[in-house]
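Asker: The residues making up each chain are set out below.
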Amino acid sequence: MTDLSAASHTVTQIRDEYVAMTRTRRMYGGLLLILFVALMVAGFRTADSRNAGSFADGWQRIFDYPAEVVAEAVEKAANLPAHFVTFFPALVETVNIAAAATLAGTLAGTLLALLSTRGMARWPRAIPVFRRIMDIFRAVPEIVIALVLIFVLGGGPVPAMIAIAIHTAGALGKLFSEVNENASLKPLEGLQSVGANWSQRMYLGVIPQVGPNYVSYALLRFEINIRASAILGFVGAGGIGYELRNAMSWGQGRYDEAAAIFLLLFITIVVVDQISGQLRDRLTHGAAL
Amino acid sequence: QEQIDEFRIGILGGENAQDRMNNNQCLADYASEVLGVPVKLFAPADYNGVIQGLLGGTIDLAWLGASAYAKTWMSDPEAVEPVLVKYNTDGGYGYHSVGFARKDSGITSLDDMQGKVFGFGDPNSTSGYLIPSIEIPQATGATMDSGDYFGEVKFTGGHEQTIVAVNNGDVDAGVTWADGLGNWEDGYNSGALRKAVDAGLVDMNDLVEIWKSKPIPEGPIVLRKELPAEVKAKMTDLMANLHEMDQDCFYGVAAGEAMAFKPIDHEAYEIIIEARKSKSN
Amino acid sequence: MTAAADIAPDMLKAQADRLFLRKRVFNFGLPALVIGYLVYVFFAFDVPGLWDRASFENGQTLVRDSYSYKTHVTRNNSDASVSIAIEGERKGAYPEGEAPDWVTLGAVTVIDLGDGYEVRFGPETVEFDIPDYGTIRATPSRSAGVQAELPPGEMPEWINASKNRLAVTTDAGRLTVTRSRSEVFRYFTGWELFWFTLDSPYHGVGPGALMGLAVQGEAGAIWSDFWNNAMWRHKDVAWAIYETILMAFLGTIGAAIVALPLAFLAARNFTPMRVVRFGVRRVFDFVRGVDALIWTIILARAFGPGPLTGALAILVTDSGTFGKIFSEALENVDSKQIEGVQSTGASAVQRYRFGVIPQVTPVLLSQILYFLESNTRSATIIGAITGGGIGLLLTQAIITQKDWEEVAYYITLVILMVVFMDWLSGWLRRRLIAGGGEGARKPAAKPATA
Amino acid sequence: MLRIDKLTKRFGRNVAVDAATLDVDKPCMIGIIGRSGAGKSTLLRMINRLTDATDGRIMVEGRDVTQLRGRDKRAWQADCAMIFQQFNLVPRIDVVSNVLHGTLNRRSTLATMFNLYPMADIHRAIDILDRLGIAEHAPKRAEALSGGQQQRVAIARALMQDPRIILADEPIASLDPMNAQTVMEALRRIHEEDGRTVICNLHTLDTARRYCDRVVGMRDGRIVFDGLPEQLTTGVAREIYGADASFSEAATSTEIDALDATTPLREAKALV
Amino acid sequence: MLRIDKLTKRFGRNVAVDAATLDVDKPCMIGIIGRSGAGKSTLLRMINRLTDATDGRIMVEGRDVTQLRGRDKRAWQADCAMIFQQFNLVPRIDVVSNVLHGTLNRRSTLATMFNLYPMADIHRAIDILDRLGIAEHAPKRAEALSGGQQQRVAIARALMQDPRIILADEPIASLDPMNAQTVMEALRRIHEEDGRTVICNLHTLDTARRYCDRVVGMRDGRIVFDGLPEQLTTGVAREIYGADASFSEAATSTEIDALDATTPLREAKALV
Ligand SMILES: Nc1ncnc2c1ncn2[C@@H]1O[C@H](COP(=O)(O)OP(=O)(O)OP(=O)(O)O)[C@@H](O)[C@H]1O
Ligand SMILES: Nc1ncnc2c1ncn2[C@@H]1O[C@H](COP(=O)(O)OP(=O)(O)OP(=O)(O)O)[C@@H](O)[C@H]1O
Ligand SMILES: [Mg+2]
Ligand SMILES: [Mg+2]
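Protein sequences appear in the order of chains A, B, C, D and E.
Heads up: the first sequence runs through residues 1 to 289, numbered per this note's numbering.
Heads up: the second sequence runs through residues 290 to 570, numbered per this note's numbering.
Heads up: the third sequence runs through residues 571 to 1020, numbered per this note's numbering.
Heads up: the fourth sequence runs through residues 1021 to 1292, numbered per this note's numbering.
Heads up: the fifth sequence runs through residues 1293 to 1564, numbered per this note's numbering.
Since the hints were made in silico from the structure, they are not lab data.
For glycine and all other residues, C-beta sits at the position ideal for the given N, C-alpha and C.
Be aware that a few hints might be false.
As the list claims (entries may be wrong) - Quick look at which bits of chain A chain C covers, simulated, 3 or more residues with Cβ under 8 Å:
no., region
1, 64 to 75
2, 116 to 128
3, 193 to 206
Claimed, not checked - Residues from chain C shown here face chain A by an in silico Cβ test under 8 Å; the list is partial:
no., residue
4, T879
5, I951
6, T982
7, V984
As the list claims (entries may be wrong) - Distance windows between CB atoms, simulated:
no., chain 1, residue 1, chain 2, residue 2, range
8, E, E1477, A, Y28, 38 to 48 Å
9, D, T1074, E, E1477, 56 to 66 Å
10, B, D294, E, K1432, 52 to 62 Å
11, C, N646, B, P366, 39 to 49 Å
12, C, N646, B, A431, 19 to 29 Å
13, B, E441, A, G277, 53 to 63 Å
14, D, R1030, A, V19, 35 to 45 Å
15, B, K551, C, R751, 22 to 32 Å
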């Protein structure tokens, strides 16, 4: 097959070329490695010097704080069940924030994805616009939107929900549009040929194809959003994160509360992780929706 | 005598992080001159950041709130010692927790607050939570639990949030801090209300004062106990004389008009510690 | 085909009817469930009440303030001194005796707010001319409070007068008079002092002229005046962004380095011992389940505030995430290649190096790069707590609720930063994972496991 | 009935269809042949309005179809069904629903979203499937069917539209000979029994000859032949396909007869 | 030289190799045939120590290879190269590096981690590739090569090990006839020129007959035939494959000659 070109190459030539190639590759590889290591080291040193405590001094004390919390929690272990009951409503609120935000974000993300996929878009010219919108939705940290909204709407779960929903719409929109790109356009053309309008085409032609993937991604996002909604509580958006912050920043004397809340939150995250992991496995490997 | 190779100052929240860093930069420069080592400033968003730093030995000096000092002391009495406190222009070193409501709500005192929504600020704040949570029950004769006297008691998250929440009607009344000097309609001479007024967030005409605490001691400037005695002495000295050395710098560090930093010790805060203990589980 | 014969069309029709009935139940049931849930949330979150409580004025203030700035003209009523400062800040204060052209200092300070609106600070009385309304007079005094004289008629809602205070809010500007001071705020569009503060000789110099000066050798001074701008502090902001990216970089790469060897312990095909695998996986779950923010607080005791703490918090959380993703990638490796290397008598380490690493590199690399981008966002938040980076500046600016132009500026910077990191990681992905349409697609599909 | 007048489509510089003119005055079955890239698909897609024409007109009962917009355009599409080489069904959805998609144009978006098709439509769909001999697959997912069955589902969908014209773009190109025959016969029957016009792109001469009343030949976007199947001699075919003397019809054949002859050879080999 | 003594491998209840005994006293080329599941692969994998034997011994120069551990085991693996049906190369890495993997056992782990092979080895690798006629692909990634070329790279890797024995597990099963021939010829040449022993699993009789000096037949894990290619009659083959009278050798053939005979038939069809 390639014997023609082989004839023009003597072995020595090939050998020299390969050796030369290896040399440059080793050199670039070496340089890259050095550059990378230098970046890491320099970065670490900068961070270390701009930090209050240095890494060398601090690493033995890593467990000081958890130890303090655990010690108090163990001492007041009898209070824990009562705390679980007390903080359960807050947990429900956190999960609700995550669920409602995931739901809203998924719907918006679906729409954005459909509007920004070639071959499906309602207004093909506006694809870049919708893409940029998704980029921006994704880029703004939830905490920023939440803080701004708290200013307008007052504290509580709604700003957090909106903030998470916006971010979710951006993140899922991007993933969804990638899923869409792998969907077949043939059914769409088939539907178009019978005179179906855009929403009919999308609902009947695209969604059945991409549904399982969508659900799988949305579940994953739900896991992430539970964590996010707990964190937003930290800045005053209600829910269990808010209680956790209050307990943690009170410090000594309420560490048992902190421990109880933490356990509650952690268990929830693990449970949702597991359930959604199983569901997603079934969706991607099994067939039906 | 052991040596230090750098000195780290923690600054508490309440102001724009950059402003805080900037206002305290002159202090850092003086300290560096006096101590002969580099000085770094840290301004974490949370009270807790500085407290953890003090406890962990990564922050050497900080100006804490009274409640935050109590918390630090309760976590580890050997961690820090209070050295100085800010004296106001009137010669006192106290400030007040002020309860306020919207004028158009018709609320003029705690008596009108029965069954209404009450807002604390940050649970770590002395004036925003600790003191009112002790003194208000004494005034109302009931606990601060939701539904007992007040219809609901919430945390808004901070002084600024409380003011906005009251102004918006999210809560019927709230507490925040003020120096208690000057006039109500200006939002007093300094304090959270004054800042909100200056920022155009609220109009003091819309608000009324419904309660005022006994004077609360200003938070102390603390030094880490483990620091070499010489370092502690030099820093205490520097700060105590700051108002004479550099008026502008003093203004920045003290976050407004004040008389001077003067010595104080742990006893002044026993009462706060007691208050805090009574609030712990 | 033959089955067709024995199923009558009528039966098929009945069957189809049932099918559609089921579909409809599903089609109505699912949205009903969703809507039901949303209704529950609607009331659980008290959205109707929220509508009442929402303060759109705040929103307007916020929006207006984010693209405009205000100049304070303040008269201290006790000593009659007048000071002018942009945003009322010391750093933006006009030097004593100087004023912008719309303020005339003198015995009577005249403040021209444009469109016929004019405020005069007299020795005793403050006067405010308002077109189509008249002139408001207010006389503050220690003893009698603020005595306001308004034009006849009902008091409009934009005037708020009480015994001790008068506040007038108009489109042209705001006036407040209390016993201690009289103050006028005039709003202008733009980010004033963004380039140079008032004390810089370059303030107000046009771009062309600046270029000229720069060419004449003043470039250094110009840069220094801009860079050290006390109002906008470009230097600190640049540092903050650098710190944020640094946290993301150290955290992500560090996590990858920690997670890679551990991932082998969690992969079925490399660690036959169930106990070890189970243990390592639970450790991954744990560090992943505790959010980076909580790690930040835990680590703050040991390392104090600062970027290193933030980086370590990211490192710890992501070690768990990477551990999980990497171990999944390792479980999917093709054993043929490993066997090929093994058959030459290679040692275990060599087997991993040549049989495994080349296979998983594309997946690993694209994951790492993806996380580098998303961690930039996390670092923004972590920085807010641990005291570093743009996140701190941003959250503080928001929480103290003033200077919304700074908030707008920081938000813009954060968005640009994240978009830049997004682009960078995409670019690196394309460069490093060359030759793989497959490899290039993966990251997108993969964050799945994040 | 249908008049295509100087219909032209340009893709950039490339002229896919070049002033095609065609007159259909009574329902008939038309086969369009021509080699790959001749513009057959583009022509059909323009008639169905899946692709916009660059120039020219398509007149149906006095209206210029190329000018229709929005709702009117969709109504026209409903009136002129299209069948695709790759069937273009929604694979994850059951067969009846796919057939019912033929009624989308008549139903409101909301109703279709909730699967609120009238009972009568559902029953008619099953009748149509029955007519095409695949009624027993009604509840299955479309993707579970063989190619030939899927194409018949596509035809059923087209019939569900109750169109006056059926356009079929190489309906048998991805089918094996056995299935191809079933599908072509179904199309022919529809034409004969319902009197609908069927326009069918084909890539084999013999299929066109066997099933169509009229054959149109395209080459490089232009219509170069329009006549009865009988007129389609090998010489004409060579011209349409632009082929030289080595052109052999069998090479394009998918007829079962033509193939049957070769099968024994293969088997023989295996038994050597 | 190599003595396999009652070598047995059990997977649970299943006996994959059942007391196989084989004696190789001088370098030769051995073909192992047998139907799928006969235990051919398992036997080779035990010799290379990729799989541990359940029972029995493999004696090489007085040592029992099955007892080797750690370094010694790896040294033995280096001495007895293995070639796989699926090539088992590292696809993302260039050809020369793949060949250089043959030297891994001789080099320190640390040096190889960073791809630091001695120049002499690199040159030898290219020489070997040249000998196999694929030197010009040296800098390409392995995945960019065709199957036959990849298999030759795998052989080059084996040669790089400079082994005494080369084990090849169905080296041509995933190759087309053309490539299969090249690969088998390469193996034969290596045996002849270098005097290395080559043991080669094959699934076609004629390949075994054509290239091997000695053919071993396996059935259900047992060695049921061991002799010269000439002795391999159709009867014997039927026994090995456990086939009935309908068994035809050609059915398993991949030889080019065997195929050539059928090609004209296909072409003939196309020209009908
Ligand atoms: N969307 C498009 N963009 C650009 N060129 C196109 C497009 N669709 C078709 N063409 C070109 O138009 C010409 C006619 O294509 P068309 O698909 O109509 O041919 P055809 O006769 O159907 O061929 P085939 O038998 O391959 O389906 C071809 O040259 C093709 O490359
Ligand atoms: N890892 C394993 N685990 C369990 N059983 C195995 C394993 N490897 C092989 N076997 C079984 O051992 C028997 C022999 O398999 P082996 O692969 O050696 O046969 P073979 O002759 O190479 O067949 P083929 O031509 O299909 O490669 C088979 O029954 C097979 O199922
Ligand atoms: Mg076509
Ligand atoms: Mg085998």
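Asker: Please go over all the hints and tell whether each is borne out by the structure.
Answerer: These are the hints, each one checked on the structure:
no., hint, result
1, 64 to 75, "holds (count 3)"
2, 116 to 128, "violated (count 0)"
3, 193 to 206, "violated (count 0)"
4, T879, "holds (6 Å)"
5, I951, "holds (5 Å)"
6, T982, "violated (10 Å)"
7, V984, "holds (7 Å)"
8, E:E1477 <-> A:Y28: 38 to 48 Å, "holds (39 Å)"
9, D:T1074 <-> E:E1477: 56 to 66 Å, "holds (60 Å)"
10, B:D294 <-> E:K1432: 52 to 62 Å, "holds (57 Å)"
11, C:N646 <-> B:P366: 39 to 49 Å, "holds (46 Å)"
12, C:N646 <-> B:A431: 19 to 29 Å, "violated (44 Å)"
13, B:E441 <-> A:G277: 53 to 63 Å, "violated (39 Å)"
14, D:R1030 <-> A:V19: 35 to 45 Å, "violated (55 Å)"
15, B:K551 <-> C:R751: 22 to 32 Å, "holds (29 Å)"
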